[in-house]
Amino acid sequence: MSDNILPFPGNEPPDGLIAALEALLFASGAPVTEKQLAEVLDVELATVRAGLSALSRACEDRGVELAEIAGGWQFRTRPEHADAILKLLDQRPARLSRAALEVLAVVAYRQPVTRSEIDELRGVDSGGVLRTLLGRGLLRAAGRKDEPGRPLMYATTRAFLELFALSDLRDLPTLREREELEED
Amino acid sequence: MSDNILPFPGNEPPDGLIAALEALLFASGAPVTEKQLAEVLDVELATVRAGLSALSRACEDRGVELAEIAGGWQFRTRPEHADAILKLLDQRPARLSRAALEVLAVVAYRQPVTRSEIDELRGVDSGGVLRTLLGRGLLRAAGRKDEPGRPLMYATTRAFLELFALSDLRDLPTLREREELEED
Amino acid sequence: MSAPAQPEWLVQTEVFDGPLDLLLYLVRREGVDLRALPVARVADAYLAYLDKMRDLHLGVAGEYLVMAATLVWLKSLELLPRKPTLHEEEEEEGEDPREALARRLREYAQYREAADELDTRPRVGRDVFVRDPTEVEGEQRPVEAGIDAFGLLDLYYELITREAEPEPEYSVDTRTLSLEEACRFVLGTLSGGRGELSALLSVLPTRRERILTFVAVLEMVRLGWVGLEQDEHLGPVQVEGKVSADVDLSRVMGRVEAATA
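Protein chains in written order, with our numbering: chain A, -18 to 165; chain S, -18 to 165; chain F, 533 to 793.
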């Protein structure tokens, strides 16, 4: 069966499959790939895709939505419920400083990148911020650069994609687009 | 308004409330009481009850159900999906324990190193963890130390490098590099 | 000089994150074009800003002064009459230093915008919430580290810098330390006796947990559960446990809820 043809007449996968997908994604918490779902349910990839698409549609009026994150699928609450949830969990919204966001942006677009390249771009020492982001698992050491001193290079992690609801690094708008915008 | 009378004509609470309840129960994980929900959403207890009842009905064909546990409400996956869930969770990589990571850290930075040296640094017996890591192929025996008793020494393996996305042991960050990042 | 009430612009200085950040702010305030940067005008605004900071005895970090020196030099280039041959020389020697600065600033502005854009994305823990992954045990499953090589180094660093002191008998699940647990940890460690506050806090791995535990100690002082003593100014602070760890901790939580409500 080709992945491009929906395997069900009328394009509707059976309710049982949709329910199973919901249970799996709910239990996992973390994003699950289509391949994993197909293996576990012992169905074709196309079936999983049709099921996910139906599940996603079914979530339209719900408090949670299906999001494509870090190459997999994950349930997340809708943003409009954030205040109530924070109140229930008795938490403050997780904060990132402007410096942290800048370092993340530089690494996301330039990776793998050395600390001195980050410092140079930002015009300021980024050591402390870098360390915090490594500690939070949003960045990781990613080998050494082949130049004198062999400095460490840094890259973003899967946790970075999950935090910012990115399915992929290619999900980030390109810097070039921004340059064009500025010219207007 | 009495708690026993449903506050909505036709017994149907607004969709927004049901979605909010779903988001709250999803994000909490642990059971949430009706009182907590009423407080957080700033609505009457009767409204929460009507909403929960509607949400429960809406879950009839889903993979999860609303269950009353320990005086509160919680989403749970339906029992018929248990096998698939266990299969999925069993495929997902297991996190190494802190003890295992500590032993890996000591061996990575001190190799080749004997078990008593590891025990001394960690202040606890590392025998069991060491065996597991050898079994997993993350560590290997690397000769004997030239001292009384000729104890075995341990070193990291290729699989260790792969686990930490390193191409070479020289890619490990150094204490000096760590200190440089502390500076702000 | 008497300390002035903080004027509005001063509050602004504190949020500048390096000279490029300040420069970009000034460029935008002056409403000039980043593609044809009028260096003299921007340099004047920058130097005036640093002067204000100095007048108020605010420490100006070295990187701001380096930028100031660069700007003064670039300004002098602009004021010198251009030799007709200069253009060709520049092409031989590479980029005009003024253009280099403008380019650097444009590049920085790009990443600033990228950072802003990241900030507007729905973020876990702020806008959206997920369920914690379900953990199961399994011998044959592949493993993942959950940390990177730096995390490994951090663990090693912790081990080699840990002083040869006996392990506290009370072990804490530090990942989920609540105020209540912090209280129980303190009371359990003291077990009715005395201990030094700094020693109590030093066994906790993160700053957040140390702060939380410090708050817990203050809260328990208020409740009369522990006493604090300091023999001399800046000397070590002794904590004395006055109740056992199985005290009813709901009073602690009640207070906190009331305080944050």
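Since the hints were derived computationally from the structure, they do not count as laboratory data.
Among these hints, one or two may not hold up.
[To be verified] Beta-carbon label-pair distances, calculated as ranges:
| no. | chain 1 | residue 1 | chain 2 | residue 2 | range |
| --- | --- | --- | --- | --- | --- |
| 1 | A | 101 | F | 740 | 41 to 47 Å |
| 2 | S | 39 | F | 740 | 35 to 41 Å |
| 3 | F | 756 | S | 143 | 54 to 60 Å |
Where is the CB? At the ideal position from N, CA and C, for every residue including glycine.
Hint-by-hint comparison with the structure:
Checked against the hint of 41 to 47 Å, the C-beta distance between residue 101 of chain A and residue 740 of chain F comes to roughly 32 Å, which is inconsistent with it. About 39 Å separates the C-beta atoms of residue 39 of chain S and residue 740 of chain F, a value consistent with the hinted range of 35 to 41 Å. At roughly 56 Å, the beta carbons of residue 756 of chain F and residue 143 of chain S sit within the given window of 54 to 60 Å.
Hint 1 from the earlier list is the only one contradicted by this structure; the remaining hints agree with it.
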